[in-house]
Amino acid sequence: MSGSRSSRYSSLTSGSSESASTVGSSRRVFLAGSGAVAAGAVGAVLVGAAGEAHAEAAVALSGPSKFDPDLRELLRDVDPKRIGATIQRLTEFGTRHTLSSQDDPVRGIGAATDWVAGQMEAIAATSGGRMTVQRQSFIQPVSSRIPVPTRITNVIATLKGTASPERFYVVTGHLDSRVTDVMDFTSDAPGADDDGSGVACVLELARVFAAHQFPGTIVFATVAGEEQGLYGSAFMAAQMAAAGNDVQGVFSNDIIGASRSFDGHKPDPFTVRMFLEGIPSNVTAAQISLLQSAGGENDGKARQLGRFVHSVAPRSLTGMNIRLVWRRDRFLRASDHVSFQSLGSPAARFTEPRENFNHEHQNVQVVDGVQFGDLIEFVDFDYIARVTRVNAAALWALATSPGTPKNAQIHTTPPGTLSGTNLTTLSWDPNPETNLTGYEVVLRETTEPTGPARFPSGTSPP
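For the sequence shown, the UniProt record's numbering assigns the number 1 to the initial residue and increments by one for each residue that follows.
Keep in mind the hints are simulated off the structure, nothing from the lab.
Quantities reported herein were computed from a predicted structural model and do not represent experimental measurements.
Wrong hints could be hidden among the right ones.
Heads up, simulated BS3-like pairs for lysine-lysine below, C-alpha to C-alpha not over 30 Å straight-line [said to hold, decoys possible]: (1) LYS406 x LYS160; (2) LYS266 x LYS81; (3) LYS81 x LYS160.
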């Protein structure tokens with residue numbers, strides 16, 4: 001795919017720069033939800049030069065034929081057998097605990113890291129020089145769950161954008177594994193589902209994306225230190241922020257390998273949960289107060305990202321239903337998306353619909369005839385492939401889209417003043433892309449999670 005190709009999908013946007021002159025007596029700048037204004041369930045869309053538009057807040061396309069044939073071909077290339085082979089190899093390292101051996105050639109986190117890096121380098125060799133691979137290592141000082149200074153290594157493959165390389169979209173899975181005692185680094189911890197499934201997803205995405213070109217930059221990362229405290233992703237997010245990278249979307253894939261509940265009942269093999277925080281993690285008290293006043297707590301960056309993904313990755317394309325969950329993560333849990341959220345990036349977590357806790361954070365053992373442990377026999381490769389296709393459709397849409405418009409604002413004169421009205425003007429800075437034909441504003445009822453109406457900027461709502 002050519003980087004100069006017209007965009008089909010929107011980045012998450014809002015407003016119209018042409019209407020800034022109509023600002024009323026009160027000017028309120030609201031927190032942007034992945035570029036979309038938070039208050040009033042307002043969103044928008046960028047229109048590509050071909051006149052094909054797509055709303056960010058879950059407007060379904062008019063049929064499967066609307067999707068790019070190149071995207072469909074890429075999704076067909078996602079291979080469940082290759083995903084299964086990746087997970088099998090990962091379980092053969094015995095344990096991938098962060099505190100396990102760094103230099104044993106066959107067992108431990110060091111051997112697993114070497115293998116993943118080798119896989120990424122082989123994939124990069126198929127990219128025509130567009131993809132680069134780095135081992136991002138650092139020493140984590142003594143801290144919670146880190147008893148001695150420990151080297152942590154992320155393996156990062158970057159597919160550089162052709163037109164807007166300064167905007168980044170990140171997908172992660174964590175390489176480390178654990179058993180019941182989070183400090184036990186000697187027992188076998190196969191980590192087939194948590195998170196061999198996520199690592200396999202990331203490697204498969206890198207494989208199928210490597211031969212393509214995109215305007216935006218896509219980063220495929222296996223991070224470490226997650227079970228000990230999100231250390232690898234926190235370092236990666238901080239490094240990207242320090243480099244001035246404009247991270248416009250992050251997907252953490254953590255425990256995406258199975259669809260059956262703990263008792264084996266109610267299988268749900270065609271649903272993946274997508275966890276989306278409400279009030280952004282990095283806001284100030286004043287900004288929270290403004291959100292509460294404006295009513296925009298359900299329209300932050302993560303949830304607007306989720307609405308976009310729900311729109312561009314429907315079951316008709318990916319074979320998977322996306323269940324949007326209005327929570328940062330599961331009860332008392334967190335994953336690597338939180339590291340990016342804490343620095344202001346829109347980020348979300350994918351995870352399976354019905355977790356089996358006999359196979360998470362458990363020692364490999366049989367108790368009263370019940371098998372415990374995160375073993376490969378409990379992982380569904382076809383299910384992981386469908387989750388991988390959801391990621392792929394979302395990354396394709398984001399990276400081929402125009403970037404997130406900056407400085408999105410609502411301008412209004414509050415009711416109750418002499419000149420108060422219900423009229424609202426939206427504004428944003430013009431996008432730098434040269435192949436845009438216009439913008440489209442998207443609205444939805446505040447009581448609806450998705451499903452907006454759309455109208456061109458510069459006009460009134462229907």
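Taking the hints in turn, this is what the structure says about them:
With a C-alpha separation of about 22 Å, the suggested pairing of LYS406 with LYS160 holds against the 30 Å cut-off. Of the supplied pair hints, the one linking LYS266 and LYS81 holds, its CA atoms being roughly 25 Å apart against a limit of 30 Å. The hinted pair formed by LYS81 and LYS160 meets the criterion: a straight-line CA distance of about 28 Å does not exceed 30 Å.
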